[in-house]
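For the protein sequence lines, the chains are A and B, in the order given. Read left to right, the first sequence gives residues 48 to 160 (the numbering used here). Read left to right, the second sequence gives residues 49 to 160 (the numbering used here).
Keep in mind that a hint or two might mislead.
To be verified - Calculated cross-link-like contacts (lysine-lysine; reagent style DSS-like; alpha-carbon spacing at most 30 Å):
| id | chain 1 | residue 1 | chain 2 | residue 2 |
| --- | --- | --- | --- | --- |
| 1 | B | K118 | A | K99 |
| 2 | B | K59 | B | K118 |
| 3 | B | K105 | A | K115 |
| 4 | A | K103 | B | K59 |
| 5 | A | K103 | A | K152 |
| 6 | A | K115 | A | K99 |
| 7 | B | K105 | B | K118 |
| 8 | A | K115 | B | K118 |
Quick caveat, the hints were computed from the structure, so don't treat them as lab data.
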Amino acid sequence: GNSVTQMEGPVTLSEEAFLTINCTYTATGYPSLFWYVQYPGEGLQLLLKATKADDKGSNKGFEATYRKETTSFHLEKGSVQVSDSAVYFCALSSGGSNYKLTFGKGTLLTVNP
Amino acid sequence: DAGITQSPRHKVTETGTPVTLRCHQTENHRYMYWYRQDPGHGLRLIHYSYGVKDTDKGEVSDGYSVSRSKTEDFLLTLESATSSQTSVYFCASTFGEYSPLHFGNGTRLTVT
């Protein structure tokens with residue numbers, strides 16, 4: 048079945064540091080890939096997505112490229128801010144009539160000033 | 049953002065009692081989901097619905113049932129609550145493929 052593996056946290060960075068959170072997946076067919084972000088006390092929000100190989104999703108300075116050859120969708124940001132502190136989830140979709148997402152375990156990011 | 053609300057936001061209940069959590073969305077989304085979030089496990093799918101009266105099991109469905117009698121409402125019932133069902137429960141909805149999931153703010157359930 049489908050599965051998502053993302054790097055274990057927590058990750059602690061200083062403001063303006065470079066961020067990478069690794070995500071690899073196992074899936075049949077051609078899934079769409081997503082990154083979601085969860086701020087304290089809230090539900091998840093979509094951060095970015097990519098629907099086919101070599102697509103790059105981007106939003107709020109975050110980027111991730113759908114790499115089919117390495118089955119990866121790593122999240123990157125060139126300069127993190129304190130406000131980026133949150134839990135980040137990688138996810139993939141199984142399509143068709145029974146559309147649903149499979150999530151990774153989440154990575155807690157803390158950015159210190 | 050999509051209007052999706054969960055109720056209650058917090059609940060404490062005793063082992064063996066039935067509990068129902070409600071999810072309500074105002075976006076006419078076809079698909080609705082119930083996930084639970086636990087430390088070290090991320091989000092795990094309990095049940096989902098792909099239309100009114102059309103539901104299916106997720107990966108952790110034992111001890112849970114769902115019902116969807118209207119497009120906007122998706123109910124999750126714990127038939128006889130156990131301590132292992134202490135968790136944060138999230139509802140989500142979407143139009144479908146390629147559309148993002150929109151999440152509620154969660155229900156924190158404690159079973160004592």
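Legend entry - Numbers of the earlier hints that this structure fails to satisfy, in rising order: 1, 4, 8
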